[in-house]
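Peer 1: Listed in order, the protein sequences are those of chains A and B.
When the first sequence is numbered by numbering that gives the first Met the number 0, its final residue is 155 and no position is left out of the sequence of numbers.
When the second sequence is numbered by numbering that gives the first Met the number 0, its final residue is 782 and no position is left out of the sequence of numbers.
What the hints contain is simulated information worked out from the structure, not anything from laboratory work.
Everything numeric in this text was worked out from a predicted model, so none of it was measured.
A virtual CB, placed ideally from N, CA and C, is assigned to each residue, including glycine.
Hints are supplied without guarantee of correctness; some may be wrong.
One-sided and incomplete, this derived list gives chain B residues near chain A with beta-carbon spacing under 10 Å [what the hints assert, rightly or not]: (1) R16; (2) D19; (3) P20; (4) L22; (5) Y121; (6) Y134; (7) P195; (8) L196; (9) E247; (10) G283; (11) G500; (12) P608; (13) P609; (14) A678; (15) P711; (16) F713.
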Amino acid sequence: MNISLCINGQSRAFDAEPRTLLVHLLRDEAGLTGTHIACETSVCGACTVLLDGKAVKSCTVLAVQAEGSEITTIEGLAPGGKLHPLQEQFWEKHGLQCGYCTPGMILAAWQLLERRPDPSEEEIRHGIEGNLCRCTGYQHIVDAIQAAAAQMGGKR
Amino acid sequence: MASIPEAPKFIGVPIKRRDDPRLIQGRARYVDDFQLPGTLHMAFARSPYGHAAIRGVDLSKARAAPGVVAAYAGADLAGKIGPVPVAGLVPDARVPVQPVLAGGRALFAGEPVAAVVARTRYQARDAADLVEVDYQALDAVVDLEKALAPAAPRVHAQFEDNVAFRWAIAGGDIEAGLRAADVVIKQKIANPRVVPLALEPRGVLAHYLPGEDKMTIWSSTQVPHKLRTLLAQQIGMAENRIRVIAPEVGGGFGSKLNVYREEALAAYVTRELGRPVKWIESRGENFLATIHGRGQLGEAEMGLRRDGTITALRYNVLADCGAYYQLLTVAIFTLTGLMLPGPYKIPHIEMKVTGVFTHKMATDAYRGAGRPEATYILERMLDLAALELGMDPAEIRRKNFPAKAEFPYATSAGLTYDSGDYHAALDKALQKAGYPEMRRQQAEARRQGRCLGVGLSTYVEICGMGPSAALGGQGWESARVRVEPTGKVTVFSGASPHGQGQETSFAQIAADAFGIAVEDVEVIHGDTDVVPYGVGTFGSRGTVVGGSAVVFARDKVRDKMARFAAMRFEADAADIAFAGGKVFVRSAPEKSAPFARIAQMAYDAIQLPPGTEPGLEETHFFEPPNFTFPFGTHVVLVEVDPQTGEVKILRYVAVDDVGNMINPLLVRGQIHGGIAQGAGQALEEEVIYGGGGQPLNATLMHYALPKAHQLPRFELDHTTTPTSVNPLGAKGVGEAGTIGSTPAVVNAVLDALAPFGVHHLDMPLRPEKIWRAVSRARKGGPA
Ligand code: FES
Ligand code: FES
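Just chain B, with the same shape it has in the complex (with noise of 0.2 Å):
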C-alpha cells in the first residue's frame, strides 16, 4: 500500500521572502523607474507661506522657458478637475472644498499653486521657478489652543470659527466614575505632528492613449482600486477605462492611503497632452504636502482607587486637521476613541474631540492612525498614578487587566475584545527583561549618580481593519485563486503590500492546502485591470483580511478539485487529500494522481461529465465578522545623562501576541520596524513650526529620523492567542510595534528623572528639552 504523502507545512514557518531577489539586485521597479518614451515631467510651485493671499499667478515666463509644454494656475482648471476627495467624516463635520491647485488663498506651506509640465526633470523644475505669484502673506493658524480664541485668523472664512467637527464617546458615567475615585490624576499631554517618511517619496506616472481612450496610472499607492475610483469621478473619466498599477511601492506607513492633488492633475494633464506625464516628489515636497500624523494636544483625568483600580478616564482633546481633509483625517481621531480604554476595565470613559483647522497640511493615517494615541494616553496616565499611588508600574497594569476568562470582553468605549490573555504577555515581558534585576539596576546606579529608567507599556490595538460596518462599507477584501492547467497555483490579491511580504505569505496560505510546494505559487497584487476589486494594504488589515479572503478562494478551488478528482478515482470528494504535489485517495492512498494532472484535467472538458463548469478559478470577498485585538508588553531600560539631555535605550523587550503568524520572520520585521518608528517618535520625531506656518525642520538634515546606532537590539518573544475572527487566527502585526513602543520608551525616560521630580514631558524626548527640565529642577523650580 502506497504511504501517505507527507502533509506540506509552510504556514508557521520563516521562509526568506521571495520579493527580495529583485530587490537586492536593484532589478524591481518603483513608479519613477517606469521610462515611457516622450514622458513630460511635471512639477509644481507651492506656497513658501503657510497662510496668504494670491493676487495674481502670471506663468509667462514660465510658459516661455526651454522644454516647456504646458503651465497651470487654479483659474485654469476650475471646474475641470473635482476637489480632493474625503471619506470617513462624523455628523455636522464642516467639510472645506480642497481645489487641486490653490486659488485665491493658500493654506498651507507646500500648498501647489501652479503647475508646470517640461520635457525633462531638469526644465520642468527650472519653470517651476520662474512662476510668479504675487502673494500678500497672513497670519497663519498654527498653535491649537490659539486657533479656537475669538479673534484668531480663520482658516476657512465661509465658517465662522476654526472648527472642524466636534465629536464624542462615552460609556458608564463619567461623572460617577470619577466621584467613585479615591484620586484623580490630571495631565495635559500633547502627541505631536510627525512624518510618515516613507523612504520612496510618493510619485505617479499617468498615461492618456487618446486613440483608445484608456488611461494607465502608475502610482506610489497603498490603495489602487480606490484611487481608480476616486480619480475618475475627480477627473471625470469611466472608472473601467482607468487602470491604476501600484508597482514596487517603497513604504506608505499609510501616508500613501490617499488621493493627492497631484494624482489627479497628472491624470488630468496626460489627457490634455496625449503624452506620458510623470511627478516625482522631492523629499522636500514630502515633508510639506504629504500627510503627516498624529497631532493631538488633550487633558486627561484619570480617576483611580487606592488599590490602583481605574474607575474613570476622561480625554478631552483638540485635534489638528491642518487646512484641508485628506481622505480619513476625520476618522483617525475617532479611533483613538475606540482605543480609549485599552487593555484595561475602565468601566467609565469619555473623549470629547474638537478638531481643529490650522494652516498646515493634514494629518491623516500615520502608522497606528490614532491607537498610539490612546495607548500614550493610557500609559503616561497609569506612569502618573503608579507615581501618586506608590505602586509599581507593572502591578498598577496588572490590576486593571481583564482576565483571560473574561473575554470575549465587551469595553466602555463599545468594542468585544474577541480574545487575550494580557497577564501572560505582560508575565513574559518582565521575565524575559528580568524586570526584577533591572530595577536592583537601577537603584544602584542611583546610587552612583547614574540615571536609569526602566519603562512599561502594555497595549491592545485595533487591527484586521475591519468590519465594513465600522469602515463606512469597505472592510472586506478580496482574492482571487487560480490553478493553471500545469498545475501552477496564481493568487489575486486586491490587497496592496508594499513592503510587508505578502508576496511570501499569501504564496505559503495556498501552497498548504493544495499540497504543493511555495515556489509553484505566484502572488500578483497592485493591478487594477488584473486583480478582483480591492481594498487595500493598512491597518494591519493585509494578511488577516486579504490573507483570509485568500483562505476561502484557495479552498473554493480546491473543493472543486476534489471532486473532479474523486470522479476519476471514484472516490467520495470528502476523501480526496493534497499532499506531497499529489492528490489522492485518503483511504486509499494508492489512488493518486500528481497536482498537475487533475489540474489539466479540469481544463480539457472532454474528461469532464456533461454540465460540469471547467476551468479552476474562484473569486472570495471576505468580511470580517469583527476587529482583532492584537496586545503585548513592551519593556525599556534607558540611560539619561542629565549634564548633555541625552538619552540612551539599553535594552528593548517586546512581548507581542498577534495571533497565529504565518511568517514569523516577517512578524519579526515588522515589529522591529515599528519600534523604531515609535522610538523615533518618543525621542526625536516632530513637525516644528515658525510663527507664518513654516515647518522649521522639513528636511532629512533638520528632521531625525531613527538612525542604527541610535537604536538597539530588540529582545522579541510571544504569545499566541488566536483570534476566531479570520480562518488564519492572525491578528495583525503593522502596527503593534509603533503602539507599544512610543510609551514604553518616554516611560521609561521619564522614571529616570523621576528623581528630579520631573513626571512628564511632551514628546519628543530631546535633550535640549531634557536637559532644561533636569536644570530648572536643580535650581528648584517647576519642573
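If we strip away everything but chain A, and leave its shape as in the complex, we get (with noise of 0.2 Å):
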C-alpha cells in the first residue's frame, strides 16, 4: 500500500507491505539506517526516532501508522551537516563506544530535554531508562546530555 510521510523534512511516497515496521521502511526504503535495530521488541530504544516530535520506538509503529506525520531520524537532527549540542556533547564527553545505541539514545534525549529542559542527573538516568546501552556503564551518557541542556541553556 502507499504511505507518504516527511522524512527529516522531505516528503517522501512507498509502496509497501501493510505490515512493514517503520523502522524497516527508513531503513530498507528510505535508506536511513543511522537507526539501528536491536530487539525488535520495544525494550532497547535502539530504533528510536521522532515522530510528530516525539521520541517512538520505530520497531513497533507499523509503517502506515506513520502514514502523513513527519519522522525525524539521527540523519535528520541538525540540519545542513551541522551538529546538534546533544550530538556534540555525546562526543565531547565520550558518551558513546561502539555507537550502536548512539542514535536512539540521542534521540531520547532529545524528548527528554523538551519536557525538561534542565534536568538532574537522576532524572536523566530515569528519562533514559527505556533505553540500553552495553558499552557504556551510561555514566558519560548522562554528562553528555547535562552538558548538553547546559549548551542550550534550559531552551530545546
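Two chains, two separate frames, one set of hints: put the complex together.
Peer 2: Shown next, in the form of C-alpha cells:
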C-alpha cells in the first residue's frame, strides 16, 4: 500500500506491505540506516526516532501508522551537516563506544530535554531507562546529556 | 638560530574520538547497513527443544512460499560444509563434530535445523515458519551435577558419558598446604551462565562473484582474518579469494570472537546462488545461538592461618560447555586455573576442571573470559575467611599481597607477574572511598535498622593476550605504517577494534613519533584485503599488542625517513628529530624541512642515491614476551532493603592500574562499561533454563540488562605501574572493570546481610533471592 510521510523535512512516498515496521521502511526503503535495531520488541530503544516531535520506538510502529506524519531520524537531527548540541556533547564527553545505541539514545535524550530542559542526574538516568547501552555504563551518556542541557541554556 | 620545535605529545592525552562524528550522525555502517542490489535474505528454522530427535524435515511448503529462492536441511548439506571450527583444546578433550544444520538430533534450543533464502527479510522469516520438522522431544541435560549421574541422558551418543574434558593445574602441595592451615573454609560457589549481549546482534553479508571467483564477507566479527582462514577451510575455498570486512561492529565482548554456523552457511549459499546473501540475527536468536559466558559450578576450599595468611586454595569445578564447543570453549576454563592465585601469595593451589556437555548453547569468551571466575572465587572465599577469623576484609587482603619489591613475582600457577604494587591500589581505593567512614556509616545504619554493606575486591588479571606459546601460536599482532608522499600517515592494523577507540589511540601513537598532528594520521582496520594478517581484538590485547605493533612499524618507517633526512641535511641519522610538523637536525635546528617534504622525497627516487629502496612503508608483527597483569581495588557501598530484597548501589569506587594510558578518556569509558557489566552479573543477569533445556528468559524483557538508573556514578582513580613487556608500558583495560566489579558488588550485598547470618548466596542477587534468604533467617531457619 502507499504510504506518504515526511522524513527529515522531505516528503517521501513508498509502496510497502501493510505489516512493514516503520524501522524497516526507514532503513530498507528510505536508506536511512542510522536508526538501528537491537531487539524488535520495544525494549532497547536503539530504533528511537521522532514521530511528530515525540520519541517513539520505530520497531513497534507500523509504517502505515506514520502515514502523513513527520519523522526525524538521527540523520535529520541537525540540518546542514552541523551537529546538534546533544551530538556535540556525546562526542565531547565520550558518550559512546560501539555507537550502536547512540542514535536512539540521542533522540531519547532530545525528548527528555524537550520535557525537562534542565534535568537532574537522577531525572536523566530515569529519562533514558528505555534505552539500553551495553558499552558505556551510562555515566558518560549522562554527562553528555547534562552538558547538552547546559549548552542549550534550558531551551531546546 | 632556529628554535627546536616543541615536542608534540598525544600519548597520554584524553583527546576525543575520531570515529565519533560518523557514529553520532547515523552515518556509520554496520553489517545490516550494507544494501547490495539483489540481496537475498536468510532465515532459520531452529529447534524449540533442548533435546529432540529429528525424524523428518519437510521443506516443501517453505520452498513454495512467496519469494523463496532456496531452502536447505541438514541432509542437503552433508559433506558440503565442514564442521564449525574449534581451537584451544586440552589433551584428551572429546570433540563432537558441530554441523552447520542439525542432522538426526537437535542438541540445544535454538540450534538451526533448516535455512531458507528469500527475496525479502519478511519472506524469509515467513518461509522459515513454514518449515515442518517432525521432532520427538527427548530428556535434556540441563543441570551440571545431574549431567554426570550414570543414568543421565547422553548429549553425544558416541561418548560414554557427558564428560567433555578433564583438566587440572596444581602448584606446591595442596594437601600439605591444607594441613598447615588453622582453619579451612569450604564453600560451593556457582558462576551462572550469562549472555554477552552486544547491542548489535551478529550479522553476515556474503557476496560471491562467479566471474572473478571471489567472495566478500561483511561480518560483525572481532577476528576478520581468523574468520577468513577458518571459513575458507569450512567451505573449501582458497583463503586468498575471500575478503572479510568487519565494518562498524556494535560491540562484541567476546561473543564475536568466533566462527558460527550462520557465517559458513551464508558463504556457502552465495556461492551456490551467485547473489549476495544476508543474515541478521534477531535478539531472540542472539539469546539462543550466540555463545554464553561463565557457566561454572564449583567447590572451593581455602586454608588459612589464624593471622589470615592463606596457605592453600583448592577449586574443583564443573564447567558447562554446552552441547558443542565453539572456538575457545575449553580454553576459557583453563584461564580460570592460571589466575587462581590472583593477587595473593598462595603457595599451594589446585584446580580440577570437569567439562560437562549439556543441552545448551556453547559457552565461550565473555568479557573477562575465565578470569572473572577466578577472581570471584578468591574474593568470596577471602570474605568468608575474614568473617571466620574476625578480620577486616581489607586487612586480610593486604596481608596476602606480594610486596612491590617481590616483583617480578612467580605464582604457584606458573605465571610470572612482571610488575605490580597491590598495596598502593588498595590504599588509594580505601582512601578515596573513606573506608573507615563507610564502616562507621554502616554501623550507624545498622543501629537504625537499615542494611548497608561494604564490599571489596582486589584483583589482578591476565591481559595483553599474549605470548604465542600460550595462545596456540597466535599471540602476536600486526601493523603496517605508511607515510604517504603528501606527508599524511596511514596506519593499518591487524587488530580489529569494535568500539574501543583505536582509530584514535593508534593515531596518537603514530603522531607522536612523527611529530605531526593526530588529524594527519588515518587508522585502517577490519579488512583482510587491506591490512596485514591480524589476530584480532579480544583479551584486552588491542592496544597492548596491536598498539605495540604500531610502535615498531612506525619506528622502522621513522628510521628510514631519518636516513633520507640525514642525507639531505648532510647530518647523522641519529641526529634527526621529528617535531611540530618538521624534520630537523637536533644539533643544528636551522637545518629543517617540512615533514611532507621529506615524505615526498622518499617517493621521488631521483632524489635518492642509487641502490636505495624508495618508499616509506613498514610492517611489524609484534610478539609479546609475556602477558600483562593489570590490577586494582574496587570498593562498593550498597543498601539492601530487607523488606523487598532490593539492592541499591550507593557508591562505587574503583582504583585500577592499567599501566601507561594512551588515552585516559577511553580508559575511563572501558572501566565504566566493564563495571556495569560485572554489576549486571552480580545483581540481575543469568540465563534460566527449564527442565527441557529451553531458556526461559531469552528476551530483553525477561533478561535484565543494567539500566542507567540502576547504576551509580562511578568514582575512578588509578595508580600507574607500567609493564616492561611492551614498548608502550600499557597493560590493557578492556576487562578490568568486569573482573573487579562482580565480586565487589556481591561482597557488599553479603556484608549487608551478615547480621541475618546470611554469608553466601549465588549470583545473581535478585530481590527475590535476597528476600527469601532474609525471611528464612528471620524465621530462624538455615540461611
Ligand atoms: S529495536 Fe526497537 S526497541 Fe529495540
Ligand atoms: S555504545 Fe555500544 S551499546 Fe551503547
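Peer 1: Now tell me if each hint is right for this structure.
Peer 2: These are the hints, each one checked on the structure:
| no. | hint | in the structure |
| --- | --- | --- |
| 1 | R16 | holds, 7 Å |
| 2 | D19 | holds, 4 Å |
| 3 | P20 | holds, 7 Å |
| 4 | L22 | holds, 3 Å |
| 5 | Y121 | holds, 7 Å |
| 6 | Y134 | violated, 26 Å |
| 7 | P195 | holds, 8 Å |
| 8 | L196 | holds, 6 Å |
| 9 | E247 | holds, 7 Å |
| 10 | G283 | holds, 8 Å |
| 11 | G500 | holds, 7 Å |
| 12 | P608 | violated, 47 Å |
| 13 | P609 | violated, 50 Å |
| 14 | A678 | holds, 9 Å |
| 15 | P711 | holds, 9 Å |
| 16 | F713 | holds, 6 Å |
The structure fails to meet hints 6, 12, 13 from the earlier list, while all remaining hints are met.
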